[in-house]
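The listed protein sequences correspond, in order, to chains A and B.
To get the numbering used here, take the position in the first sequence, counting from 1, and add 157.
To get the numbering used here, take the position in the second sequence, counting from 1, and add 117.
Treat the hints with care, since some could be wrong.
No farther apart than 25 Å at their CA atoms in a straight line, the calculated lysine-lysine pairs in the DSS-like style are these [what the hints assert, rightly or not]: (1) A:K487 x B:K257; (2) A:K466 x B:K345; (3) A:K393 x A:K298; (4) A:K393 x A:K254; (5) A:K393 x A:K466; (6) B:K425 x A:K262; (7) B:K547 x A:K262.
To be clear, the hints were calculated from the coordinates, so they are not data collected in a lab.
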Amino acid sequence: MNELAFFINNVVIAGSVSGSIYAIGAVGVTLIFSIMRFAHFAHADMMTFGAFMVLLLTTLFPAAGASIGVPTAILMLPLAMLLTAVLAVGIDKAFYKPLRAHGVKPIVLVIGSLGVTLILQGLIRLFAGTSGQSLYVDDRKEIFRLALPFEGARAPIVITEPQIYLFVLTLVAVVTLHLFLHRSRLGKAMRAMSDNPELAQASGINTNTIVTVTWMIAGALAAIAGTLLSLDVTFKPDLSFFLLLPIFAAAIVGGVGHPYGAIAGGFVVGFAETLAVFNWNVLLRPFRDSLPTWLELPSNLAFVGTEYKIVVPFFILVAILVWRPTGLFKGKVI
Amino acid sequence: MSNSAKTRNPAYTPKDATQERRFPLRELILFGVLLIAVLAVYATMGAAYSTRMLVEAACYAILALGLTIQWGYAGQFNAGVMGFVALGGFCAMLFSVPVNDAFWGTELPGELGRVLLYGIAATLLVVAATKLDRLGVPKKLRTLIAVVLALVLYMVVISLLREVTGEIQSRAGFVGGFGLPAWTGWIVGGALAGGVGYFIGHICLGLRSDYLAIATLGIAEIIKAFLKNSDWLTRGTATVSPLPWPTPGPAELGFTLSRAIYLSFTAVVIAAIFFLLHRAYHAPWGRMIRAIRDNEVSAAAMGKDINKRRLEIFVLGCVLMGLGGGMLGTFNSLFDPQGYLPLNHTFLVLVMVILGGPGNNLGTIFGAVAVYIIWIMSEPLALFLMQLAVAFGEGVFGWDAPSNMDSRALQARVLVIGLLITMVLRFAPKGLLPEKIKNHS
Chain A
158 MNELAFFINN VVIAGSVSGS IYAIGAVGVT LIFSIMRFAH FAHADMMTFG
208 AFMVLLLTTL FPAAGASIGV PTAILMLPLA MLLTAVLAVG IDKAFYKPLR
258 AHGVKPIVLV IGSLGVTLIL QGLIRLFAGT SGQSLYVDDR KEIFRLALPF
308 EGARAPIVIT EPQIYLFVLT LVAVVTLHLF LHRSRLGKAM RAMSDNPELA
358 QASGINTNTI VTVTWMIAGA LAAIAGTLLS LDVTFKPDLS FFLLLPIFAA
408 AIVGGVGHPY GAIAGGFVVG FAETLAVFNW NVLLRPFRDS LPTWLELPSN
458 LAFVGTEYKI VVPFFILVAI LVWRPTGLFK GKVI
Chain B
118 MSNSAKTRNP AYTPKDATQE RRFPLRELIL FGVLLIAVLA VYATMGAAYS
168 TRMLVEAACY AILALGLTIQ WGYAGQFNAG VMGFVALGGF CAMLFSVPVN
218 DAFWGTELPG ELGRVLLYGI AATLLVVAAT KLDRLGVPKK LRTLIAVVLA
268 LVLYMVVISL LREVTGEIQS RAGFVGGFGL PAWTGWIVGG ALAGGVGYFI
318 GHICLGLRSD YLAIATLGIA EIIKAFLKNS DWLTRGTATV SPLPWPTPGP
368 AELGFTLSRA IYLSFTAVVI AAIFFLLHRA YHAPWGRMIR AIRDNEVSAA
418 AMGKDINKRR LEIFVLGCVL MGLGGGMLGT FNSLFDPQGY LPLNHTFLVL
468 VMVILGGPGN NLGTIFGAVA VYIIWIMSEP LALFLMQLAV AFGEGVFGWD
518 APSNMDSRAL QARVLVIGLL ITMVLRFAPK GLLPEKIKNH S
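Could you build the full structure based on these sequences and the hints that come with them?
As structure tokens, this is what we get:
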């Protein structure tokens with residue numbers, strides 16, 4: 158049964174953690190894709206920016222969270238979301254809007270977003286240095302150990318405080334986004350514009366407002382994802398390069414322009430990553446004695462080593478591009 | 118673009134109409150400024166340092182020519198220059214490093230060859246399994262068989278490979294090289310990069326251009342991950358050095374002179390590439406490529422095979438990147454898989470191309486040298502500015518200076534490159550030396 162606990166710790170929990178982060182990131186990418194029609198490469202850096210804002214605020218007011226019993230970083234998250242949303246709108250006004258006004262091809266906007274990536278990265282590193290820092294400035298990370306209700310199970314299931322916050326906040330974010338898209342006027346206008354921009358504009362929807370709102374949502378979501386990831390591990394200024402590929406893989410797997418697809422894609426990529434680096438030999442260990450003698454299992458039965466984790470999203474991406482370019486949920490843009 | 122219709126020769130010929138010669142004022146001014154900048158660097162930083170900078174800029178110019186083919190001629194955006202450069206560097210290392218007897222003298226090469234044969238056999242088996250439907254096996258069952266077979270065989274081969282590579286690492290360190298002249302490695306590096314480009318292009322060129330960017334970004338990261346972690350092949354993070362030069366090295370002639378000879382060597386390569394590209398651009402082939410870029414639908418209607426041409430262009434660009442990567446790797450005389458950064462190799466080259474003028478070979482070379490000087494010089498400049506700011510802050514407000522100023526000043530490079538990309542896209546979208554587009558209308 159220890160093997161089961163090991164499996165839950167290393168696959169179920171780890172997969173859900175990275176899955177949730179990829180999902181929130183991919184929703185932002187997919188929203189921008191469906192409204193602005195280009196792949197926004199600077200999204201992962203907006204995540205880093207959000208986490209960096211939380212770090213700044215936490216170091217400014219380290220004791221603020223203790224008064225109401227949550228980590229300071231979580232308390233500062235709404236403010237960081239607001240700041241990142243403002244940044245996202247500012248970036249659009251400063252860099253993408255003039256390009257859009259020139260009527261350039263989407264790929265030029267992609268290059269522009271690469272430029273924005275580098276600017277953000279340079280600025281963040283200029284101010285934050287290059288080393289990793291913990292978002293728990295004054296607090297301690299709590300770790301919960303749950304024993305399995307089986308006989309002979311000695312290894313506990315381990316889950317940490319930030320992971321619980323992560324699951325709760327992901328759920329809240331997804332439900333809020335769903336309600337916004339389906340119940341509010343703005344959300345409906347957004348969906349209309351993503352379906353058919355000309356028709357939406359003809360029926361009196363203000364395009365500029367929609368664009369601003371999209372950037373605000375994407376920025377806020379990026380701040381959540383970046384902060385939660387940095388809470389779980391540590392804040393690193395070069396976080397973004399490791400996130401870019403999984404997030405885009407998730408958005409494409411789910412079907413570009415399809416928010417629920419992006420969420421599903423995020424979990425597909427997250428679980429695929431953890432399953433691929435998981436050593437299956439651990440699960441086969443209890444049956445080792447009953448295997449025929451000619452079949453000797455090697456000690457490492459992982460599909461790829463941990464160092465090749467980056468390969469997994471890429472292979473999912475290529476497989477999806479070959480097999481079903483519109484993604485699992487039939488996104489629209491290709 | 119607009120006035121070329123007026124200036125073109127009225128007698129239309131199947132070859133490109135020769136333009137009326139105009140005085141190349143813009144080119145002269147830009148290259149004059151560049152020359153002054155180079156001389157300024159020579160005056161301030163010394164000859165050895167500046168020659169080194171020029172050689173590196175020349176290697177980057179080859180990479181930039183590769184990207185300008187893809188982005189300027191065909192509008193394909195390759196965000197994975199780093200990966201192709203790393204392949205070139207790897208091949209240069211593998212071919213030029215002296216033969217390692219601790220590996221080749223034992224039975225290990227045979228073992229490695231056996232595993233490779235197993236790998237090929239496994240691939241053939243899986244391919245055969247995907248053709249099972251010809252024997253009447255239902256399609257779904259065929260897919261299932263193929264997937265399960267692929268997984269199992271992959272596991273078998275990969276665990277055999279892990280055993281052999283572990284042996285190699287513990288007994289011989291790493292495979293070592295072939296002891297051949299460096300240029301053989303450059304050529305093979307170009308071919309290998311072209312092969313990888315063929316694979317990627319085959320899948321992604323028919324899709325939206327964003328997907329190509331994402332896929333190339335991914336393949337670059339994978340190549341880097343592979344080179345970094347295959348200690349048995351590349352010594353991983355331990356790095357391989359020195360790599361022998363094809364020209365006399367610094368030990369024989371001193372830094373400045375040996376680098377100058379290497380520079381003239383790269384200059385010859387650039388001149389050859391430039392000449393061939395110039396010919397191709399003005400040949401019917403170049404006209405077809407531009408027709409496809411400018412109006413794909415009508416080019417297709419004229420019976421041009423769009424996908425094949427696109428693949429051709431993409432592979433050609435990748436070959437140049439592999440070649441340039443090999444020359445850069447040999448010049449650095451050090452193979453460090455971790456040294457291949459998307460920032461230095463992908464985005465720097467991207468800025469060179471869009472600043473210089475995509476599609477214009479001369480502009481691309483100008484961009485390569487200009488941007489490389491900006492890139493190299495922005496660090497000391499930023500450090501100087503930061504020290505000014507700190508001195509000012511300490512004097513007026515009594516600040517404490519952060520201790521890691523040097524590493525932070527290094528980040529100014531990233532910022533400068535990002536600003537350059539966005540500024541050029543906004544204010545000079547066609548680059549400083551725009552491609553001269555000829556209209557045949």
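Handout entry: Ascending list of hint numbers which this structure does not respect
Key = 4
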